[in-house]
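Asker: Residues per chain are reported as follows:
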Amino acid sequence: MNQSAHQFFRHRNYRLLLLITEIVVLYLAAAALTGFNSSAWLATDKGIIWLAQNFIPNANSLQYMPDILAQLWQTFLIAVAAASCAAVIAVVLGMLGAQNVGLSKWKVGWLIRGFASVMRNIPIVAWAMILLFSFKQNELTGFLALLFMNIGFLTRAFLETFEDFDVKKMEAIQTTGATYTTSVVQAMLPETAVPLIEWLLYMIENNIRDATLVGLLTGTGIGFIFDLYFKSLQYGAAGMVVVSIAVLVIFLEISSNRIGRLIR
Amino acid sequence: MLAVNELSKSYDQEAMSLKDISMEIEKGEITVIIGPSGAGKTTLLRSLNQLIKDDQGEILIDGLDVRTLNRSKMRQMRRKIGMVFQNYNLIEPLTVLENVLHGTLGGKPTLLGILSIYSDKEQQEALALIKEMGLEEFAFKQCKDLSGGQKQRVGIARALMKHPQIILCDEPVASLDPKSATLVMDILRSLAIEKKMTIVVTLHQVELAKEYADHIIGLRAGSVVFDGPSSALDVAAIRTIYD
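Protein sequences appear in the order of chains A and B.
Sequential numbering from 1 applies to the first sequence in UniProt numbering.
Sequential numbering from 1 applies to the second sequence in UniProt numbering.
Because the hints were derived from the structure by calculation, they are not lab data.
Just so you know, these numbers come straight off a predicted model, no measurement behind them.
In this text, a Cβ means the ideal position worked out from N, Cα and C, and glycines have one as well.
Any given hint could be a false lead.
[Stated by the list, open to error] Straight-line C-alpha distance at most 27 Å; calculated DSS-like pairs for lysine-lysine:
#1 B/Lys141 - A/Lys136
#2 B/Lys144 - B/Lys73
#3 A/Lys107 - B/Lys131
#4 A/Lys136 - B/Lys162
#5 A/Lys46 - B/Lys162
#6 B/Lys210 - A/Lys169
#7 A/Lys168 - B/Lys210
#8 B/Lys53 - B/Lys27
#9 A/Lys168 - B/Lys144
#10 B/Lys141 - A/Lys107
#11 A/Lys169 - B/Lys53
#12 B/Lys195 - B/Lys27
#13 A/Lys169 - B/Lys162
#14 A/Lys107 - B/Lys195
[Unchecked claim] These stretches of chain B come out as covered by chain A in the derived footprint (C-beta under 8 Å, 3 or more residues):
#15 99–109
#16 129–142
[What the hints assert, rightly or not] Computed beta-carbon distance windows for the label pairs:
#17 B/Ala128 - A/Ile130: 51 to 61 Å
#18 A/Ala81 - B/Ser8: 22 to 32 Å
#19 B/Ala128 - A/Tyr180: 52 to 62 Å
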């Protein structure tokens with residue numbers, strides 16, 4: 001017995017050692033292939049100090065606040081609009097695609113899952129760049145990029161929420177003679193409303209983070225103003241933008257927690 | 001009013017859960033179906049409004065075989081039959097009033113149903129029923145905050161909203177304390193007497209069955225082993241059902 005415990009741990013240690021060796025070899029191989037100079041690690045501290053000296057907002061950068069706030073507000077509105085529109089579409093798609101309540105005919109469930117997967121897995125930057133060709137640089141492009149990604153994400157999230165719903169709860173409404181659609185809407189939506197709203201709030205938060213990247217490409221919102229300050233070497237102002245995005249996202253996170261508790 | 005002829009149902013090939021059930025249920029009576037767990041009480045009750053599809057036999061409601069109805073005829077038939085569940089099956093995040101109004105959904109086009117559009121008359125009626133059930137102070141409260149007995153009364157009010165001729169109750173008091181159970185059974189009795197409704201109840205308490213039933217049907221292993229007035233349910237009959 002002791003013997004086998006001893007062997008077990010020795011075997012485990014070998015495996016751990018092997019794993020660490022593998023990671024080191026992978027790093028060295030990747031560095032050699034890409035010509036990455038490992039001594040760059042030694043300069044990391046200098047880089048961070050430079051960042052801190054230049055990007056920390058100072059009194060001077062406060063004068064940019066009105067502009068930043070205006071753009072932040074616009075970004076917030078686009079994030080909310082995209083998430084809300086996507087939520088309406090996702091509720092319908094989710095209901096049709098859920099295995100317990102949706103259409104079982106014509107493999108609709110698989111089609112909707114596949115569609116959601118494609119929409120969600122195309123990176124937001126790719127969406128923005130593709131849409132730039134047709135819609136040029138304006139708010140609509142950013143809105144559409146967020147909308148498409150959100151439709152994919154929320155459809156998947158809603159569909160799974162709906163599949164957790166116990167269809168027995170619909171029975172009572174079906175026995176009144178109500179149609180199937182009425183029963184689903186009247187029983188399932190109220191029962192799943194809380195998780196649906198929580199997903200929606202998460203999506204809005206996420207959109208504000210993504211909007212920075214999208215705005216950089218589409219020349220709108222908070223991403224645009226960041227790019228502008230950055231390229232004109234006003235690093236303090238650019239840092240101010242980063243701080244305001246972080247503050248807004250944290251504020252939203254706190255309020256969505258509050259809302260979540262309120263509606264439960 | 002309601003007649004069942006040679007109804008059989010099997011969940012799989014070997015085990016028959018209902019075997020050649022025949023029974024007659026009279027208007028304005030309380031019929032109680034009793035029997036040990038697994039005897040087929042719930043299956044029988046749910047076959048009556050086709051929540052469970054049976055394999056063979058006839059279920060006649062006012063002379064019409066419910067097994068042969070198409071979907072829209074079935075919906076019309078279901079409007080005549082209210083149902084009350086052991087676990088209440090309320091939509092808990094909604095208010096008492098909204099749950100009671102769900103009883104009207106059967107008569108509505110899908111669009112009005114989805115949008116929860118209820119007429120003034122329906123709203124007044126729902127409030128009156130809630131008052132009748134002694135729940136007026138809870139009308140605008142969420143159902144999740146109610147006690148079991150209160151939830152079951154909401155369930156009954158919902159069933160009454162569509163003016164049913166028959167009310168099917170699937171173990172309506174199994175999750176309730178004795179006092180709430182008596183209250184619910186009293187309500188069912190008054191519906192039978194005052195509104196001449198036909199009530200079919202499954203119960204597992206023989207005492208309650210004897211006290212409230214006009215007519216008792218005893219099931220054992222999917223077959224009817226007792227069918228008679230509650231006065232005829234003596235010790236020998238109870239032993240045939242349960243032993």
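Asker: Give a verdict on every hint.
Answerer: Evaluated hints:
For a cut-off of 27 Å, the pair hint linking B/Lys141 to A/Lys136 is broken: about 51 Å separates their Cα positions. Our distance criterion of 27 Å between C-alpha atoms is broken by B/Lys144 and B/Lys73, whose separation comes to about 34 Å. The suggested pairing of A/Lys107 with B/Lys131 is violated, with an alpha-carbon distance near 48 Å, which exceeds 27 Å. As the CA atoms of A/Lys136 and B/Lys162 are separated by approximately 57 Å, the hinted pair breaks the 27 Å bound.
Restraint check for A/Lys46 and B/Lys162: the C-alpha separation of about 77 Å exceeds 27 Å, so the hint is violated. Of the pairs offered as hints, the one joining B/Lys210 and A/Lys169 is violated, with about 31 Å between alpha carbons and a cut-off of 27 Å exceeded. Taken as a hint, the A/Lys168 and B/Lys210 pair is broken in the structure, with Cα atoms around 31 Å apart against an allowance of 27 Å. Restraint check for B/Lys53 and B/Lys27: satisfied, since their Cα atoms lie roughly 24 Å apart, inside the 27 Å limit.
Note on A/Lys168 and B/Lys144: the hinted pairing holds, with a Cα-Cα distance of about 17 Å set against a maximum of 27 Å. Between the alpha carbons of B/Lys141 and A/Lys107 the distance comes to roughly 41 Å, so the proposed pair goes past 27 Å and is violated. A C-alpha spacing of about 19 Å is found between A/Lys169 and B/Lys53, which places the hinted pair at or below 27 Å, so the restraint holds. In summary, the hint linking B/Lys195 to B/Lys27 is supported, as the alpha carbons are separated by about 10 Å, within the 27 Å threshold.
Distance restraint check for A/Lys169 and B/Lys162: the Cα-Cα separation of roughly 19 Å lies within the 27 Å cut-off, and the hinted pair is therefore satisfied. With a C-alpha separation of about 48 Å, the suggested pairing of A/Lys107 with B/Lys195 is violated against the 27 Å cut-off. Closer than 8 Å: that is the beta-carbon criterion, and the region 99–109 of chain B has 7 residues meeting it against chain A, so the requirement of 3 holds. Counting residues of the region 129–142 of chain B whose beta-carbon sits less than 8 Å from any beta-carbon of chain A gives 0, not enough to reach three: the coverage restraint is violated.
Between B/Ala128 and A/Ile130 the CB atoms are about 60 Å apart, so this pair conforms to the stated range of 51 to 61 Å. For A/Ala81 and B/Ser8, the Cβ-Cβ distance of about 59 Å falls outside the hinted range of 22 to 32 Å, so the restraint is violated. Remark: the range hint 52 to 62 Å for B/Ala128 to A/Tyr180 is contradicted by a beta-carbon distance near 30 Å.
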